[in-house]
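Just so you know, our numbering puts 28 at position 28 of the sequence shown, and the rest follows in order with no gaps.
Do not take every clue at face value.
List of simulated lysine-lysine pairs, BS3-like, C-alpha gap at most 30 Å [claimed, not checked]:
id	residue 1	residue 2
1	K3	K14
2	K25	K14
3	K3	K17
4	K76	K93
5	K17	K33
6	K52	K25
Calculated directly from the structure, the hints in this document are not laboratory data.
None of the values given here were measured: they were computed from a predicted structure.
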Amino acid sequence: MEKMEESIHGDMEKIEKSIREDMTKMETSLTRKIEDGDNAIRLILENDIVPKINVIAENHLNLYHGLENLRQDVQKYELLPIRMSLLEQEVFKQPKL
């Protein structure tokens, strides 16, 4: 009976060792897959997304400067009727010859 228990205990240890090895292999495999996925995401970010964001940012800055220039031009033209009115008033105030 004792030999049978030792045999069962030995078999259980072998099974446990085998299961532990399988779990270690699975863990290693999963870790490698996660690292590969992480590297793929980093490459996509570096090579595809970041350059596109930079292009958008540069174009946004160009548009902003263009809009600022346009606003300045519009302000100049908005003042023209007021300046014209003031000049007309000055002309009418002048004594007629």
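Okay, the hints, checked on the actual structure:
Distance hint between K3 and K14 is fulfilled; the C-alpha atoms sit about 16 Å from each other, no more than 30 Å. Note on K25 and K14: the hinted pairing holds, with a Cα-Cα distance of about 16 Å set against a maximum of 30 Å. For the hint linking K3 to K17, the alpha-carbon distance of about 21 Å falls within 30 Å, and the restraint holds. Taking the CA atoms of K76 and K93, the gap is near 26 Å; set against the 30 Å cutoff, the hint holds.
Taken as a hint, the K17 and K33 pair is honoured in the structure, with Cα atoms around 24 Å apart against an allowance of 30 Å. For the proposed pair K52 and K25, the alpha carbon gap of about 40 Å is over 30 Å, so the pair is violated.
Figure legend: structure checked against the earlier numbered hints; the only hint not met is number 6.
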